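Enquirer: Top to bottom, those sequences are chains A and B. Using numbering that gives the first Met the number 0, read the first sequence as starting at 0 and increasing by one per residue. Using numbering that gives the first Met the number 0, read the second sequence as starting at 0 and increasing by one per residue.
Incorrect hints may appear among the rest.
Simulated DEER-style distance windows between Cβ atoms [claimed, not checked]:
(1) A:Pro32 - B:Asp149: 41 to 47 Å
(2) B:Arg50 - A:Gln232: 17 to 23 Å
(3) B:Arg167 - A:Lys40: 47 to 53 Å
(4) B:Ser25 - A:Glu13: 25 to 31 Å
(5) A:Asp228 - B:Glu203: 55 to 61 Å
(6) B:Asp48 - A:Arg220: 22 to 28 Å
(7) B:Asp149 - A:Leu30: 45 to 51 Å
(8) A:His320 - B:Gln161: 37 to 43 Å
(9) A:Arg38 - B:Ser25: 56 to 62 Å
(10) B:Lys93 - A:Arg220: 48 to 54 Å
(11) A:Met118 - B:Pro147: 41 to 47 Å
It should be emphasised that the hints constitute simulated quantities derived from the structure, not laboratory data. Just so you know, these numbers come straight off a predicted model, no measurement behind them. For every residue, glycine included, the Cβ atom is placed at its ideal position computed from N, Cα and C.
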Amino acid sequence: MKKFINDVDQLLVESLSGFARAHADIVSLHLDPNFVTRRHKAENKVAIISGGGSGHEPLHTGYVGYGMLDAACPGHVFTSPSPDQMLAAAEAVHAGKGVLFIVKNYAGDVMNFEMAAEMLPFEHATVLTSDDVAVENSTYTTGRRGVAGTVIVEKVVGSLAETGADLAACKALGDKVNSRTATMGVALTSCTVPAAGRPTFDIADNELEMGVGIHGEPGRRREAMRQADAIVQDLVDAILHDLKPASGSEILLLVNGFAATPLMELYLLYNSAAGLLEAQGLKISRSHVGNTTTALDMAGASITVCLLDDEIRQHWDSPVHTAGLRWQL
Amino acid sequence: MRTDFILKAIEAVNQAVLASEAELESLDREIGDGDHFINLKRGCAALLDMREELAALPADQVLQRMGMKLLSTIGGASGPLLATIFMTLAKHEKTETADTLPKIAAAFAASVEAVKQRGKAGLGEKTMLDTLIPVADTFSQLSNAGEPADAIYTAIQQAAEQGMRSTRDLIATKGRAAFLGERAIGHIDAGARSSQIIIHTIAELARKPL
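Bound conformation, chain A alone (with noise of 0.2 Å):
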């Protein structure tokens, strides 16, 4: 393992301080418990709060800020936060409107959430987040994961509760993106936990693991490498299946790299995705392409597709001023 690192056990902690550092205009640092908040709080709207475990930079403290999130409670790398740091996060910035919860579903997360929802003392509602196609669901799992469409989710949702709009509606828009989105995600290299200090499965130089996870937890199968086209046809082939999306439909479509996958061969998956969904006559009126949600050091993209309508469109255009989104501001 070579990685910047001082001490494996001080590494979230100084990355942490780092991030609060590079954009203290943003953002405020609280730790023990951990948590991220706006610098200035937010008056008079529902608190939106998310968390996970870290290595998925920037999620979720990269999304802090005016439109999107008022608190990001970060856990240990790959270990969701504990309900400690959200009841903390959400005395921190809760605003008279109650309190929404933005969840990626895993066992994990969803547990700390769910004891920290419990020992909330106000108003409270959660969006859990499953936009993982490769995942197939089923009463008897923990269900599909929350991937890159919780990026979506949590601007879309951020951009509503800054109009004022109440917690229900909060709720009900998260929910409604969340069921409009898919993502399917490849790796073509493992990622390697700090504090393991060895990649966490083996693959192949001539191999790639088709549905991994963020947490570079194996998928639907490990396969050969192929040319991007190929991988990507998959990639979209098991996303329209989920969505069926008809003719015509207008789309947000994300290409989201897990880290260690250079920006130039991101937009060349968007460009072969792109082309692949207009061929299905879907209408691609918005776009993003960069690393929203990583997977520490992993080789691999993701590809997420979010089916639009108005109220979608016009939250995820309005202004953002975060440290991993910002436009109109």
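Since chain A is already given, all that's left is putting chain B on it; use the hints.
Expert: This is chain B only, laid out in the frame that chain A set:
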């Protein structure tokens, strides 16, 4: 339950967990995400740090504080699940001191039931419950039947071992390994193994006079 036994058990469990580092890491890397050992180690260290402040407290408060500590230091899925065991034991202990084996068995069974609720899981899903449920059943049956303590400890250890090994042939339907489908077959669940190590260690400790 006795505070001095709980504190001794934490020390013994910490040693047993540390001794299993390589195995737990490898199990979790195979079908999990590689953080199980680190999380357990962090939890044990946090509990060991509390020894002095807890030594003079009654068992129910010791268990409750340990549960809250685990909740805030472990995170992940293990945090809430292990904390749930401690907090349920604490609740029972507060109502009625578990000073006989049948009472301890009843408190343990309630804790395992609470873990099932929290994790929305049951037997055969390739999780820690595959170790804990058979242990709770065996413990209750034998202690209610008035079996001698030594025989109960041995049976508990066997039930834990058998339950842990049963996860090898299961498809996971809960937890991170659930994403693997059939690829999880052939691997023992890391949470089932760590639970078995913990149960084995505590049963071994219980055989000896304090």
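Enquirer: Of the hints given before, which are not true for this structure?
Expert: The structure conflicts with hints 2, 6, 8 and 9, although it agrees with all the remaining ones.
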